[in-house]
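In the numbering used here, the protein residues as written are 59 to 674.
Careful: at least some of the hints might be erroneous.
Think about it this way: if two alpha-carbon atoms lie no more than 30 Å apart in a straight line, the pair counts; the simulated DSSO-like pairs of lysine-lysine are [what the hints assert, rightly or not]:
id, residue 1, residue 2
1, K371, K404
2, K138, K97
3, K138, K101
4, K461, K371
5, K401, K371
Quick list of simulated restraints, FRET-style, between CB atoms [to be verified]:
id, residue 1, residue 2, range
6, T398, N561, 44 to 50 Å
7, A212, T94, 42 to 48 Å
8, N492, P384, 40 to 46 Å
9, D226, L368, 54 to 60 Å
Simulated from the structure, these hints should not be mistaken for laboratory data.
Positions of the beta carbon are idealized from the N, C-alpha and C atoms, including for glycine.
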Amino acid sequence: MANTTWYGDGTATVAVGSRNVTGTDTGWLTEVAGLTPIKVGDKFGIHVGRPIVIEQIISDTELLLADDWPGPAQTDAPYKVELTSPTIAAVEAMRRLLASLSNGNLDSLSEISVGTDDIPIGIGPGVFGTINKAALVQGVQYDAWVANLAGRAAYNGAAAGFSVLVIDIGDGRSALYFKNSATSVDWSAPSYVTGPVGLAGVNQRGNYSAGTAYAIRDIVQYGGSTWIAKVATTGNAPPALPTIENTQWLLFARSGTPGVVDRGVYSAATAYEANDIVLNNGSTWLALQPTTGNPPPTLPTESNAYWRLLARKGTDGSGTGDVVGPAGAGDSSIVGYDGTTGKLVKQLTPLQAQAASGVREVLTANRVYYVRTGGSNSNNGLTNTDAGAFATLQYAYDFVAKKLDMNGFSVTINMADGYHTTGLNASIGLTGGNVIFIRGNTTTPGNCFLEVTNSHGILNRARNLTINVGGLRLSALIAGTCLWASGGNIELGANCLFAIAANGDHFLATDGGNIVVSADYSVAGNCVNHWHAYGQGQITCQNRTITVSAAVSMTRWCGVATALLTSTGCTFTGKANVSGATYLVHRNGVIIVEGSGANYFPGTAAGTVQTGGQYV
Numbered sequence: 059m060a061n062t063t064w065y066g067d068g069t070a071t072v073a074v075g076s077r078n079v080t081g082t083d084t085g086w087l088t089e090v091a092g093l094t095p096i097k098v099g100d101k102f103g104i105h106v107g108r109p110i111v112i113e114q115i116i117s118d119t120e121l122l123l124a125d126d127w128p129g130p131a132q133t134d135a136p137y138k139v140e141l142t143s144p145t146i147a148a149v150e151a152m153r154r155l156l157a158s159l160s161n162g163n164l165d166s167l168s169e170i171s172v173g174t175d176d177i178p179i180g181i182g183p184g185v186f187g188t189i190n191k192a193a194l195v196q197g198v199q200y201d202a203w204v205a206n207l208a209g210r211a212a213y214n215g216a217a218a219g220f221s222v223l224v225i226d227i228g229d230g231r232s233a234l235y236f237k238n239s240a241t242s243v244d245w246s247a248p249s250y251v252t253g254p255v256g257l258a259g260v261n262q263r264g265n266y267s268a269g270t271a272y273a274i275r276d277i278v279q280y281g282g283s284t285w286i287a288k289v290a291t292t293g294n295a296p297p298a299l300p301t302i303e304n305t306q307w308l309l310f311a312r313s314g315t316p317g318v319v320d321r322g323v324y325s326a327a328t329a330y331e332a333n334d335i336v337l338n339n340g341s342t343w344l345a346l347q348p349t350t351g352n353p354p355p356t357l358p359t360e361s362n363a364y365w366r367l368l369a370r371k372g373t374d375g376s377g378t379g380d381v382v383g384p385a386g387a388g389d390s391s392i393v394g395y396d397g398t399t400g401k402l403v404k405q406l407t408p409l410q411a412q413a414a415s416g417v418r419e420v421l422t423a424n425r426v427y428y429v430r431t432g433g434s435n436s437n438n439g440l441t442n443t444d445a446g447a448f449a450t451l452q453y454a455y456d457f458v459a460k461k462l463d464m465n466g467f468s469v470t471i472n473m474a475d476g477y478h479t480t481g482l483n484a485s486i487g488l489t490g491g492n493v494i495f496i497r498g499n500t501t502t503p504g505n506c507f508l509e510v511t512n513s514h515g516i517l518n519r520a521r522n523l524t525i526n527v528g529g530l531r532l533s534a535l536i537a538g539t540c541l542w543a544s545g546g547n548i549e550l551g552a553n554c555l556f557a558i559a560a561n562g563d564h565f566l567a568t569d570g571g572n573i574v575v576s577a578d579y580s581v582a583g584n585c586v587n588h589w590h591a592y593g594q595g596q597i598t599c600q601n602r603t604i605t606v607s608a609a610v611s612m613t614r615w616c617g618v619a620t621a622l623l624t625s626t627g628c629t630f631t632g633k634a635n636v637s638g639a640t641y642l643v644h645r646n647g648v649i650i651v652e653g654s655g656a657n658y659f660p661g662t663a664a665g666t667v668q669t670g671g672q673y674v
């Protein structure tokens with residue numbers, strides 16, 4: 059090869075006015091003994107007497123010329139590349155070296171001071187500086203950075219040596235610039251931090267089409283595989299596998315092995331091929347060979363000459379197979395699911411069927427439901443144990459209101475001693491009755507807490523419903539009322555202890571609601587009003603003993619507006635423990651004490667009558 063003056067392996071294609079040359083079987087970058095057959099600076103075109111310098115060798119099959127090809131055009135035709143003489147190349151290299159050395163570089167190098175680990179670096183034409191090795195290890199050092207060359211102008215007047223990193227100098231590269239001097243705009247040539255933008259990547263063109271023009275590096279799908287174009291081509295399809303390359307295309311990604319085919323339920327009349335899948339008797343089978351009229355075997359046999367078991371039918375009653383019921387059942391009995399698989403059923407008792415269907419249970423006797431702090435609302439509420447009782451008063455009431463027809467019998471919700479924090483908001487009435495009893499510890503109410511926060515202890519909004527309460531220690535923290543009849547009725551039917559009602563009342567009757575006190579009780583907590591009625595509400599407390607067992611503070615004992623309070627014959631034990639006004643009656647409200655006098659109610663300040671109120 060030492061005496062070779064030109065190279066012409068393979069064929070070349072080039073259009074008039076184009077700088078791009080594509081080759082077939084050319085091997086322009088294939089090394090032999092460490093050398094490529096051609097190099098930049100060699101001349102393409104001597105075969106037609108028009109040599110043009112090669113500017114770039116892109117690949118084994120692609121060149122970029124320094125000038126446009128003047129013609130003639132050729133397609134996959136012979137060609138010649140004139141190889142530059144080694145002597146000429148050496149002379150040219152020496153010329154460039156001497157030119158660079160005479161451009162002030164040697165003078166500048168001789169003038170710089172180099173310390174330990176300092177490395178010379180060009181900072182402009184014929185100008186050298188130094189950079190320490192540590193700085194190279196740490197990365198690029200600069201005084202400021204800007205997004206583009208326009209942003210560099212802000213530093214035109216900086217001192218000599220000032221450096222600016224420009225993120226994009228206009229061609230996608232980043233570069234570092236230094237001020238050569240303090241003179242404005244006296245910047246060094248760029249010191250590139252990043253390389254030029256790379257070559258274009260592949261271009262996804264979808265499925266191959268004979269009518270589409272494809273360019274080099276276009277990618278298509280053909281025959282289940284992916285192919286990349288080696289040359290510009292139209293109407294030339296990729297080859298069929300196992301061939302992986304032709305003149306125009308190269309295999310990029312091979313298609314996978316054909317998979318199985320779902321053929322649905324097995325039919326003796328259908329012709330099946332290997333790898334067909336069928337469903338037969340609840341199981342899935344894979345065909346081993348072509349077959350017609352040969353069914354899969356019956357389990358537990360898992361294969362025969364034509365079929366192999368792929369997926370076994372699930373076990374009946376387990377949630378994957380058929381539905382399974384009891385061994386025997388009564389005629390016309392109701393069936394319900396047993397468990398959560400959806401595949402197991404059982405015969406329901408009348409009560410179970412009633413609950414499942416939403417039909418109310420009709421009581422034939424009085425009923426007691428239990429609420430305990432350790433109970434669960436998934437229990438039936440019929441036994442006074444944590445395993446049987448409900449967890450909250452609200453759930454117990456809703457259960458009675460939605461599930462029962464009381465049929466004239468009574469229902470009592472028994473609350474065990476403990477700390478109950480969920481109150482009752484009764485918004486719907488009862489069926490087959492209009493009274494429900496709530497009982498805690500009537501002997502020692504202080505042991506059965508009903509203490510709510512930012513809520514109300516018991517609120518009755520259901521008209522014609524009476525809630526009979528007893529045996530509770532009632533309190534409302536932050537804000538709330540202990541007993542509130544808002545349209546419904548509340549009866550204090552057994553001893554209770556009223557603790558704090560923060561920013562609220564112990565008793566409140568509104569919207570036509572009615573409160574009747576028919577049992578003695580105790581007071582040991584602060585409130586706004588002990589008794590409070592407005593909006594046609596009524597409170598009645600006659601001939602009862604009310605014990606104030608601790609010092610309490612309240613705005614007033616009772617307040618009435620557009621409502622009625624009747625209290626006669628009551629005994630207030632510990633009356634001196636109450637701090638606050640005795641009463642306020644106004645806005646046509648009426649307090650009836652039957653002449654018991656202005657000092658009848660507990661309190662340290664006199665009562666007030668205003669705006670049509672009456673105290674009689």
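| So does A212 sit 42 to 48 Å from T94, Cβ to Cβ? | holds, 47 Å
Are the Cα positions of K371 and K404 separated by 30 Å at most? holds, 23 Å
Taking the beta carbons of T398 and N561, is their distance inside 44 to 50 Å?
-> holds, 47 Å
Exercise. Are N492 and P384 spaced within 40 to 46 Å by their CB atoms?
Worked result: holds, 42 Å
- Given the proposed pairing of K461 with K371, does the C-alpha separation stay at or below 30 Å? violated, 41 Å
task = Look at the Cβ atoms of D226 and L368 and judge whether their distance stays inside 54 to 60 Å.
result = holds, 58 Å
For the pair we were handed, K138 and K101, check the Cα-Cα distance against 30 Å.
holds, 8 Å
Practice prompt. Decide if the proposed pair is consistent with the structure: K401 and K371, CA atoms, cutoff 30 Å inclusive.
Written response: Between K401 and K371 the Cα gap is close to 14 Å, so the pair holds against 30 Å.
TODO: Would you check the hint for K138 and K97, treating anything up to 30 Å between C-alpha atoms as holding?
DONE: Within the cut-off at roughly 13 Å; holds.
Of the hints listed earlier, the one the structure fails to meet is number 4.
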